[in-house]
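Chains A and U, in that order, are what the protein sequence lines are.
Here the first sequence stands for residues 1 to 323, where the numbers follow the working numbering.
Here the second sequence stands for residues 1 to 249, where the numbers follow the working numbering.
Incorrect hints may appear among the rest.
Stated by the list, open to error - The calculated EDC-like cross-link candidates involving lysine to aspartate or glutamate, where the alpha carbons are at most 16 Å apart (straight line), are:
1. U:K183 - A:E45
2. U:K164 - A:D240
3. A:K51 - A:D180
4. U:K183 - A:D240
5. A:K308 - U:E233
Claimed, not checked - Label-pair restraints from in silico Cβ distances:
6. U:V203 - A:E45: 48 to 58 Å
7. A:A296 - U:Q58: 45 to 55 Å
8. A:R149 - U:Q243: 28 to 38 Å
Simulated from the structure, these hints should not be mistaken for laboratory data.
Glycine residues also receive a C-beta, built at the ideal position from the N, C-alpha and C atoms.
One letter stands for each residue in the lines below.
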Amino acid sequence: MSVLVFVENWDGKFKKLTFEIVSYASKLAELLNTSAIALSVGNVENLELEKLGKYGAQKIISATNEKLNVLDNRIYTDVIADFARKEGAEVIVLANNITGKALAPRLSVNLSAGIGSGVGKLPISLDPFVVFKKVYSGNAFAHVRIKSRIKILTLAQNSFEVIETGNNASIEQHKIQVRDEIFNTHVQEVQKQTGKIVLTDADIVISGGRGMKSPDNWPPLVELAGLLGGALACSRPVSDEGWRPHEEHTGQTGKIIAPNLYIAVGISGSTQHIAGVSSSKYIVAINIDKDAPIFANAQYGIIGDAVKILPKLIDAVKEVKGK
Amino acid sequence: MKILVCISNVPDTTTKIKFIDDNKKLDTTGIQWIINPWDELSLTRALDMKDDAASGVQKVTVAHVGLGSSEPTIRKALAMGADDAIRINAEPIDAFFVAAQLSEVIKNAGFDIILCGIESSDYNGSTAGGMLAEFLGYPSVSSVSSIKSENGQIIMTREIDGGKEIISMPVPLVAIIQKGIAKEPRIAAMRGIMTARTKPINVSQPITIESLTEVINYEMPKPRAACKFVDPENPKQLVELLQNEAKVI
Numbered sequence: 001m002s003v004l005v006f007v008e009n010w011d012g013k014f015k016k017l018t019f020e021i022v023s024y025a026s027k028l029a030e031l032l033n034t035s036a037i038a039l040s041v042g043n044v045e046n047l048e049l050e051k052l053g054k055y056g057a058q059k060i061i062s063a064t065n066e067k068l069n070v071l072d073n074r075i076y077t078d079v080i081a082d083f084a085r086k087e088g089a090e091v092i093v094l095a096n097n098i099t100g101k102a103l104a105p106r107l108s109v110n111l112s113a114g115i116g117s118g119v120g121k122l123p124i125s126l127d128p129f130v131v132f133k134k135v136y137s138g139n140a141f142a143h144v145r146i147k148s149r150i151k152i153l154t155l156a157q158n159s160f161e162v163i164e165t166g167n168n169a170s171i172e173q174h175k176i177q178v179r180d181e182i183f184n185t186h187v188q189e190v191q192k193q194t195g196k197i198v199l200t201d202a203d204i205v206i207s208g209g210r211g212m213k214s215p216d217n218w219p220p221l222v223e224l225a226g227l228l229g230g231a232l233a234c235s236r237p238v239s240d241e242g243w244r245p246h247e248e249h250t251g252q253t254g255k256i257i258a259p260n261l262y263i264a265v266g267i268s269g270s271t272q273h274i275a276g277v278s279s280s281k282y283i284v285a286i287n288i289d290k291d292a293p294i295f296a297n298a299q300y301g302i303i304g305d306a307v308k309i310l311p312k313l314i315d316a317v318k319e320v321k322g323k
Numbered sequence: 001m002k003i004l005v006c007i008s009n010v011p012d013t014t015t016k017i018k019f020i021d022d023n024k025k026l027d028t029t030g031i032q033w034i035i036n037p038w039d040e041l042s043l044t045r046a047l048d049m050k051d052d053a054a055s056g057v058q059k060v061t062v063a064h065v066g067l068g069s070s071e072p073t074i075r076k077a078l079a080m081g082a083d084d085a086i087r088i089n090a091e092p093i094d095a096f097f098v099a100a101q102l103s104e105v106i107k108n109a110g111f112d113i114i115l116c117g118i119e120s121s122d123y124n125g126s127t128a129g130g131m132l133a134e135f136l137g138y139p140s141v142s143s144v145s146s147i148k149s150e151n152g153q154i155i156m157t158r159e160i161d162g163g164k165e166i167i168s169m170p171v172p173l174v175a176i177i178q179k180g181i182a183k184e185p186r187i188a189a190m191r192g193i194m195t196a197r198t199k200p201i202n203v204s205q206p207i208t209i210e211s212l213t214e215v216i217n218y219e220m221p222k223p224r225a226a227c228k229f230v231d232p233e234n235p236k237q238l239v240e241l242l243q244n245e246a247k248v249i
C-alpha cells in the first residue's frame, strides 16, 4: 500500500506547486497509515529530487528516458500506471494543472480508479472515501464518494499549504523502456516566453476589463504588475476584442486561477468571470459602478474611474514599497 | 475525414444554482439548457474545418450521453451545422460512465478526429475526453487551442506552462479543446434551424457499466464578508490594508 504522487518538472526543476502536492500526499499517507512515494518522470538531478523528501516523500522514484522529455499522454500514463501497480498505490495524487488534467483521466481508465478532480483539501472521510470539490463553476460544492479500490485525486493549485517535515528520502533510479509504436506526439515547435511569471503560478494577478476603455491604457497595469511581482490577466471581452492575448483571459472558459491577491481593474464581475477567480484569497475591485457584482466578491474596493485611479495607486505602491 | 464532437448538456452559465431533496439533486425548475461552452467551441471549429475544402473533412457528427430530454440541445448542434447525431440513451452518472458509453459507439465507427471540450461547466471534472481516449486506445492531446489538418497529419497547438507547443499527430486521435480554438461559437442560421429538424439523431442503448464515483450531496458556498471601500482619492489606504491586514504584498 502507498500514496503515489506524480511530480512534473519544468526544465529539470520543481516549483511550489510540486511541494504542495507532495505535502498533500504525505499528509494523506499519514492518515492512511502508509507511506508517500513521489514519482518523477523525465530528467531531474538528484539535488532537486532530494527536495521532495523535505515535504514528506519517503521514497522518490526517478523514471528517465530521453523520449520522456516530451509529454506523450499515453506513454506517461503507461509509466505512472506501471509504478502504481508495482507500489500497490491506493491513492494517486496529481496537480490539477495542464499536465494533471491530461494524465489523470487516462490513468483512471487504465487502473479503473475513480477521480476526485480539483480537490482543495484532504478527504472528508476515508471509509467511505469522500472528497469535497467545487462544482457548477464555483457556484456550489459537492461531496463526492469515490467507490473504486484505487483513487485518483488532482489537487487545486495554491489550496494546500506546503509542509516541511524534513525526512530523508531514498532515491530509486529507473531507466524506462518506451513503446515507440505508441509514441505519437511529435513536437514541431516550442514557443515559450522566458522570464515571465506564469499566470496560474502567480501569487499576485493584475487583471483589466472593459473599464480600461482601450488597449492603449494597459501600460499602468503592466507597471503595477511589475511593481508587485504579479502576472497580467484580463476579462473575456478584452480578449475577445483582441486587446490582450486569450492566454490572459481568466474566467469560466479561460484560466481558472487561485492567487493570494487578485486585483480586478474595470471588471464588472459576471458570474462567468467570478467562476475563474473565486478561489483567490483576496480580491480587490476597482470599478466605476458601485453596483458592479465584482464588489460582492471582493474584500477591498475602490469606486471610481480605473484609468484615473491607477496612477495614484502606482504612486502609493511605490511609496509603501520604497520604505 | 470524419470528425466527432462530444457534447454535454449543461445549465446556462448564468443560472442561479439551487438544490432540492436535501441538497441531493439540482433544482431544474426554470433552467435553460445549453451545449457545454467548450463543446460548442469545439463544434464551431469542426464546422469551420469542414467548410474549408482543403482540410479534407467531409462529415461532422455529434455524440451525447443523455435521456430524450436533452434532444433540444442536440438539435441546436445540428442547427449549427453538424450532419448527424448519436444519442446514447442513459442518464450520465459520472465521466467514467459517459466515456465508457461513448467509446462503445465510437470504436468501430471510423472517426478520425474526436473533439471533447476540456471541461463541463456543471461538474468541472476535466476528465471525460482523456478517459475516452484511454478507452479507445487512441493518442490524446490536451489543452488544445488550435487544430488543422495537413496532408493526413493533424497539427495542433497545445498550451504548456508559459507558452505553447505545435504538435503533429496521426489520426485517429482525441483532441481536448480549450479556449482559443474559435473566436466565438457559431450561431445557427434560420436555414440551419429548419434543416436540423430532419437531420438524423441515432439513438443507441447503453452498455452496462458501473460508475466509479457518486455525488452524495451538494453545498452552497458561504457568502463572502462585505467589501471594505477605500476613498478613490487615497489609494494609499488600500496599499496599507493589503500590506498590513491581508499581508499579501
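Status of each hint after checking the structure:
Of the pairs offered as hints, the one joining K183 (chain U) and E45 (chain A) is violated, with about 42 Å between alpha carbons and a cut-off of 16 Å exceeded. The hinted pair formed by K164 (chain U) and D240 (chain A) fails the criterion: a straight-line CA distance of about 19 Å is larger than 16 Å. The straight-line distance between the Cα atoms of K51 (chain A) and D180 (chain A) is roughly 32 Å, outside the 16 Å bound, and the hint therefore fails. This hinted pair checks out: K183 (chain U) and D240 (chain A) have alpha carbons roughly 7 Å apart, not beyond 16 Å.
As the CA atoms of K308 (chain A) and E233 (chain U) are separated by approximately 10 Å, the hinted pair is consistent with the 16 Å bound. Checked against the hint of 48 to 58 Å, the C-beta distance between V203 (chain U) and E45 (chain A) comes to roughly 56 Å, which is consistent with it. Remark: the range hint 45 to 55 Å for A296 (chain A) to Q58 (chain U) is upheld by a beta-carbon distance near 50 Å. Here the CB-CB span from R149 (chain A) to Q243 (chain U) is close to 49 Å, at odds with the stated 28 to 38 Å.
The structure is inconsistent with the numbered hints 1, 2, 3, 8, although it conforms to all the rest.
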